[in-house]
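Engineer: Take the sequences, apply the hints, and build the full model.
For what it's worth, our numbering labels the leading residue of the sequence shown as 1013, then goes sequentially.
Keep in mind that a hint or two might mislead.
[Said to hold, decoys possible] Derived DEER-like restraints, expressed as beta-carbon distance ranges:
1. Thr1164 with Arg1207: 37 to 43 Å
2. Arg1041 with Arg1161: 39 to 45 Å
3. Leu1181 with Asp1204: 16 to 22 Å
4. His1167 with His1202: 38 to 44 Å
5. Ala1153 with Ile1191: 54 to 60 Å
6. Ala1174 with Ala1205: 25 to 31 Å
No wet-lab data here; the hints were simulated from the structure.
We treat Cβ as the ideally placed atom computed from N, Cα and C, and that holds for glycine.
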Amino acid sequence: MVAPARTPAPSHLELPVNEARTRFLQLVRQIRATRQTVLIVDQGRPVAAIGPPDLIAARHPDVAARHPDVAARHPDVAARHPDVAARHPDVAARHPDVTALDADVTALDADVIARRGDATARRGDASARHADAATARLPDATAAGWAQRLETVRHDMRRQHAAHTAELLQALVEAWNVIDTLRSPGPDRHIDALRTSHKRLRRRE
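Structural biologist: Listed below in structure tokens is the structure:
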């Protein structure tokens, strides 16, 4: 009996940029094991891709020049950058999506990958569990700048509040001066009650 053929694994994996950021280390290990290409999308649009180094070197000779170890391990691919699909059907068959992607979308620069990988490694597993909290935390310089802005706003609001309070107290004093002129204490107990309750405020004049 003939064994059923296995369904081939998909040649690439699409992930939103936020998820790719938090899973970067896992994706790097996955690419090493499966040679899959990870296509990173932002709001449904492809913005970058992460793939095996030989494929990146093939499409980006400047990367191969900066990393001769990759070119040495894969001389047939790194030396023949043009028309990868035509000259290397084995690579194109394993990764048809790589040959089809536009050069601006296909591969992240190796230096950028290294820098982002270091930053993601420092965040570790805690960053993966709390991605939103991690992105909300600001660098010290930015946090200090926002703190200064908030303190300035508080100072301005306190100053405005004090000015408005002074204006209201002055208006209250002027109103009671008119009332005292028109109605002396004694005849109207309601006015006398208000006069007594406002005495503390009138002392501030």
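Engineer: Run every hint past the structure and note whether it holds.
Structural biologist: Hint check results:
1. Thr1164 with Arg1207: 37 to 43 Å: holds (41 Å)
2. Arg1041 with Arg1161: 39 to 45 Å: holds (42 Å)
3. Leu1181 with Asp1204: 16 to 22 Å: holds (21 Å)
4. His1167 with His1202: 38 to 44 Å: holds (41 Å)
5. Ala1153 with Ile1191: 54 to 60 Å: holds (57 Å)
6. Ala1174 with Ala1205: 25 to 31 Å: holds (29 Å)
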